[in-house]
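All chains, please: the whole structure from these sequences, using the hints.
Going line by line, the protein sequences match chains F and W.
Sequential numbering of the first sequence, starting at 1, is according to our numbering.
Sequential numbering of the second sequence, starting at 1, is according to our numbering.
If a hint is listed, it holds; no wrong ones were tucked in.
Some chain W residues near chain F, calculated using beta-carbon distances under 10 Å:
id, residue
1, PHE10
2, ALA15
3, VAL35
4, ALA102
5, PHE119
Here are the computed lysine to any residue pairs in the SDA-like style, where the Cα-Cα straight-line distance is at most 20 Å:
id, chain 1, residue 1, chain 2, residue 2
6, W, LYS6, F, THR123
7, W, LYS6, W, LEU95
8, W, LYS6, W, ARG90
9, W, LYS6, F, PRO107
10, W, LYS6, F, TRP110
11, W, LYS6, F, ARG114
12, W, LYS6, W, ARG93
13, W, LYS6, F, SER120
If you're looking for bench data, these hints aren't it; they were derived computationally from the structure.
Ideal Cβ placement from N, Cα and C applies to all residues, glycine included.
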Amino acid sequence: MVTALLILHGLVAVALLGAITHQTVAAWAPAGAGPKSFFGRFRAVPSPAFANAVVVLYAVSALLGGIVYLDFRIDVRPILERDGHWQAIGLFDLKEHFIAIGLGLLPAYWLSWRRPLAVSGWTRAAMTAVLAFIVWFGFLMGHVMNNILGFGS
Amino acid sequence: MTAPPKLHSFAFAYACAFAALYVIALFRDAALFTVYPSLGIVLWGSRHSRDVADPALGFLAPEMLWYGWAATAAIGAVPVGLVVALLPDRWTRRLWPVASWAVPVCAMIGCVYFELPWFRR
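The structure is reproduced here in structure tokens:
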């Protein structure tokens, strides 16, 4: 059951990663790239359309992570402590903290992307970048943690 | 339809207050509740297994404070958001463009500082 939830957590995180990365690049990248180039098409996505998806995926991913975290604390972390993976534990704790701060940021982020756009572009882009950093950090640290012990070990 | 300015003020103040309160909860060990996943119990406030008996209990009954820290921040940020939403818009209009991302970033830096002992081992 926990393995299934962990895989679902990972899949939701991949979808979230794609949505937030598209939106962040579209919000920050200069419009210089040609409209038919890969980069031009990548950044040409309608950014506000991603906001709802990002909020839902972030909330679902955090919820799934919060459930899986219970088993992590009992079954995985003691092994990491026994084997002296102190940096990994520190990085995972940071992931928790960043995810929580991102949860608090979600309402403001969502409102900032609502049409008509009432918040300045720079503020919106900065908040999106902070959220994107949190998502990328969480995703990578989740992978590091998963790969230290290996699947099913 | 544009969201009401008061809702904007509340959401931005909530984001800032949540981030700040989370770091305060972290440093002050102020979790609203503590979860003991192996025992399946939840206790009010910050509890540490080794407080009760001896350090070995930390392995037998590990405590989880993250949910409690997040709850402290989530609930504590509501009144802050409400108070700020009641302030005149002109007082806060210039604050949000910077505070909305700078406070969470500062909070994240605070979290890094909090976790530094793990990287010095």
